[in-house]
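Once you've looked at the hints, dock chain A against the given chain V.
Chains as they are written, first to last, in the numbering used here: chain V, 1 to 111; chain A, 1 to 891.
No lab work stands behind these hints, which were simulated from the structure alone. Keep in mind that the hints are not guaranteed to be accurate.
[What the hints assert, rightly or not] Restraint ranges, calculated between C-beta atoms of paired labels, are given here:
no., chain 1, residue 1, chain 2, residue 2, range
1, V, Met39, A, Leu457, 55 to 63 Å
2, V, Asp72, A, Glu65, 27 to 35 Å
3, V, Leu16, A, Arg383, 50 to 58 Å
[As the list claims (entries may be wrong)] Here are the simulated DSBU-like pairs of lysine-lysine, each with C-alpha atoms no more than 30 Å apart in a straight line:
no., chain 1, residue 1, chain 2, residue 2
4, A, Lys15, V, Lys65
5, A, Lys13, V, Lys76
6, V, Lys76, A, Lys15
A quick note: this is a predicted structure, and the numbers were derived from the prediction, not measured. We put the CB at the ideal spot given by N, CA and C, even for glycine.
Single-letter residue listing:
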Amino acid sequence: MAPNPKADLLQGTLDLLILKSLQNEPMHGFGIAVRIGQMSKDMLTVEQGSLYPALYRLEEQGWIKAEWGVSDNNRKAKFYSLTTTGRKQLAAEEQSWAKLSTAINLVLGNA
Amino acid sequence: MNILRRLRTLFRKEKLETEMAEEMRLHLEMQAERNRAAGMSPDDAHYAAQRQFGNVASLQEQAREVRGWVWLDQLRQDTQFAFRQIAKSPGFAAVVVLTLAFGIAVNSALFGMMNVFFLQPSPLPGADRLVILMHRTDMMKMPIGLSYPDYRDYRERLKNVEGLIAFMPTPAHLSADGAAPQRVWVEVVSPNAFVEIGVPAALGRVLVPADGEAKGAAPVAVLAYDCWKNHFGADPGMLGRVVRLNGKPFTVVGVAPERFHGFHSMIAASAFVPAGAIDTFRPSMADMLEWRGAPAWRVMGRLKPGVSLETARAETVVLLEHLTKEYPDTHRNYRSYVIPENRARPDPSVAEYLPVFAALFVGLVTLVLASACANVANLMIARAATRQHELTVRAALGAGRGRLIRQLLVESLLLAAIAGLVGWLLAKGAGWAMHAFSPPSDPPVVADFSPSWRSYLFTATISLVAGLASGLLPALRASRVDLVSRLKCGTAEAMTGGRHRLRDMLVIGQVTMSLVVLICAGLFLQSLRRVQSVDLGFRSERLLMLSYDLSLQGYDDNRSRNFNDDLLARVRAIPGVASAGLTSHVPFDKQINAREVRPENPPPQLKDGIAQAKIAMASPGFSETLGVRLRHGRGLRATDQANTPRVAVVNVAMADVCWPGQDAVGKRFQPWKDGPWIEVVGVTETAKYMMLSEPPTPSFIVPLAQETSAPVTLLVRTLGEPSPLASRLRAEVQALDPQLPLYDVQTMDELMGNSVFAELPLRMGMGLALVQGGISLVLAIMGLYAVVAFGVAQRSREIGIRMALGANADRVVTLVVKEGMRLAVLGVAVGVVFSALLGLGLSKVLFGLGALEPVIFCAVMLLMLGTTAVACWLPARRAAKVDPVIALRAE
Chain V
1 MAPNPKADLL QGTLDLLILK SLQNEPMHGF GIAVRIGQMS KDMLTVEQGS LYPALYRLEE
61 QGWIKAEWGV SDNNRKAKFY SLTTTGRKQL AAEEQSWAKL STAINLVLGN A
Chain A
1 MNILRRLRTL FRKEKLETEM AEEMRLHLEM QAERNRAAGM SPDDAHYAAQ RQFGNVASLQ
61 EQAREVRGWV WLDQLRQDTQ FAFRQIAKSP GFAAVVVLTL AFGIAVNSAL FGMMNVFFLQ
121 PSPLPGADRL VILMHRTDMM KMPIGLSYPD YRDYRERLKN VEGLIAFMPT PAHLSADGAA
181 PQRVWVEVVS PNAFVEIGVP AALGRVLVPA DGEAKGAAPV AVLAYDCWKN HFGADPGMLG
241 RVVRLNGKPF TVVGVAPERF HGFHSMIAAS AFVPAGAIDT FRPSMADMLE WRGAPAWRVM
301 GRLKPGVSLE TARAETVVLL EHLTKEYPDT HRNYRSYVIP ENRARPDPSV AEYLPVFAAL
361 FVGLVTLVLA SACANVANLM IARAATRQHE LTVRAALGAG RGRLIRQLLV ESLLLAAIAG
421 LVGWLLAKGA GWAMHAFSPP SDPPVVADFS PSWRSYLFTA TISLVAGLAS GLLPALRASR
481 VDLVSRLKCG TAEAMTGGRH RLRDMLVIGQ VTMSLVVLIC AGLFLQSLRR VQSVDLGFRS
541 ERLLMLSYDL SLQGYDDNRS RNFNDDLLAR VRAIPGVASA GLTSHVPFDK QINAREVRPE
601 NPPPQLKDGI AQAKIAMASP GFSETLGVRL RHGRGLRATD QANTPRVAVV NVAMADVCWP
661 GQDAVGKRFQ PWKDGPWIEV VGVTETAKYM MLSEPPTPSF IVPLAQETSA PVTLLVRTLG
721 EPSPLASRLR AEVQALDPQL PLYDVQTMDE LMGNSVFAEL PLRMGMGLAL VQGGISLVLA
781 IMGLYAVVAF GVAQRSREIG IRMALGANAD RVVTLVVKEG MRLAVLGVAV GVVFSALLGL
841 GLSKVLFGLG ALEPVIFCAV MLLMLGTTAV ACWLPARRAA KVDPVIALRA E
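Okay, chain V solo, but in the shape it has when bound (with noise of 0.2 Å):
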């Protein structure tokens, strides 16, 4: 399964998504694909099922961590929550996010 260059962008772009859904409070996997829709009101809709490889990767480099809880409507869930070093890098990546954009405005606007 040779890997989809659309999909990679897209990669990049959902860890951020990701861990900014997740700045103010845990949530598991559903919600957070529920969230994401909502803040960029419904612009964008991600493959749910593609957020699980991204929240375990996610995982693996200790920027967000799991626990099993009961979700609102008294369901078992996986909850995600970011960690400190999770918000640094939210921090991070929201900066060079902002940079890119400008970065390519500039050149948009320039063209």
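Chain A alone, transformed into the frame defined by chain V:
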């Protein structure tokens, strides 16, 4: 930290898997619930949720990869699969394993020897700084030891080398409590030896400097551990007991540690006595402590910390110059020689010949392994052709090329690992067998069979290399799967030219290697034959020998003379004995004795009027028994006794050096400075004394009656086969002295066959090359046969067309054979070039080889071409039998 986390993931794999499955399931449920809430039917909600989620299986795969260690899982799968593959085709696996195992075994065995001779550090403490001091002279080709007074001077004056000790391995008769004496080897050591080198006692005490290095010291001895265990049953009561060495009482004061075999790296000593006790131990050697002219001692010491070998060498050169000035007579033309301990094996005097032999054998075994790998690679490629279908299906199911290669490599490496194990066992077994079935050597050799980590590591590495070398190319080739055309056509079709070419190249390579190895075997054989036909100067057939040492048995000169005379008389009376004689030295003996002789009225070209000549003491009848031809004068007679004028029989080489152009008979010489005058009574042909390749060496013999010597060797020329007479000879000796230990009972042919300076390396090399050459040839032929047969199967359509169009069987056969022979001829041509280079190199090293040996080359080439022609002809015949109708119909 990442690694830790990954390790944790590995251990909780099961748990994580279930959690992941559950997590995804719960997600789907939540989504489905949402969908239902939005108004879909339960079924629709479920399917919609799944669509929104994505491919669960694929996502789980991705997740697993993220978590890492997928490759470990895959490796496990590959290994299990490889095992199943091997079980499915045990024949193929067996062929591969055996082929590789031989190559690995041969390399492992050679490495074992290299390890002992070069790599393994000495078990002595501080081994890496140990050095051996020797002297070189013009008189002997090989380095010689030091005299004891020289040793003491070095010890006192050398600043860069500390802890100098001296030791001398020498045979002795050991007995205890009136038991029969046994011949053992004892090390006479400077009393500081144990302390300086740092060898503790296992029981009692070791020798200390107080035990003395001047004559008349108390006769004490330290037993070696093995001797104490095997001879005396590890009895702690041995301490303080008296044992007899050469009939003299020695008090046992201690036992050496278990792994300690002596200061000499290769000789297994049974006991150690201090130098000061030498006059008790061997009265004839009493001079050894004070005489500067007896270079009998091996000297070993440690480089001071921070000192390089070069510095130490420079210092010994200066010191030797002082000694030469002070004692010119005993240090004529001496040069110093300092080498690290691990370059001094098996014995410092022969160590410098070792690298040449080593390089030769390393080259040979590498060629052996390379040939084996090529053979196996070809087998694997042929095999892969039959597995195309399976590989194609795997590729279709999603296996990447890397995955396929990995799987094939795991199979190769598994086979190589098994081959490594088998090869290692073979090597160990052969080593053990050689040790168990060869007669006890004199001196006894240290045989340490404890496995060394270097050995394991080397065998493992070699197996890995062999596995990769033989499996990589086939794996790369086989994994190149063209999915579309493969699945469509089903069975083997549409081979690209590249695939053919690789097989062709491998076959050519095999033919080349077989040729080179077989020519190598032929060259060794040629050298061996030349060696065996060298004019030895004596007749080596049907000669039986046995040796004994009366001086160790406590005989005085008179008693020895009587014993020898009696023995000769008895032996000569045995039916089946043509003649018999006694001598102190036989040709190719381990030791030689040389003198600086001074002829009367020396010729002007003789430097200082001194000639170096080898000496042997012999009984009447010795030269005749040995078969040395007499040129002028007479041989030694029974009338030459202690009270008659001193006589000698010289060889032509000595006559030419001392009295060129004259008849040597009647001339006189002194065997050492101010020695007695000896008259030459006969001149014999020059023989070979130490090495087959030696130049004519001056040598002379004197009667035993006039200069006694022990040990002696009884030499018997038999009428029939010599070996059966050995027990009869033993019986005759035992009739005279039932307790006299005998050793080196062998025929002259055996001695030469086993001698490193005569035939042994050639026999070994030839044997090795022959076996591998044979294997290579068989596999090359098989490879060629397979390639040609395959080609025939490939082209059955084409052949059918040709035959339908009128070609007769013969033409078809010729066509196929020609194509096959093309490969063979190419292989032979390339092989000849390499062999020529090899031959050039070998001719420098091996005896009697010319730079080109056309007979051998032609013979082997004809053999290769002949056998390969047959290998091509057989499948070609099958091709001719192809029914055009069937061939054209088959698709």
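Subject >> Numbered hints the structure breaks, given as an ascending list >> reply: none
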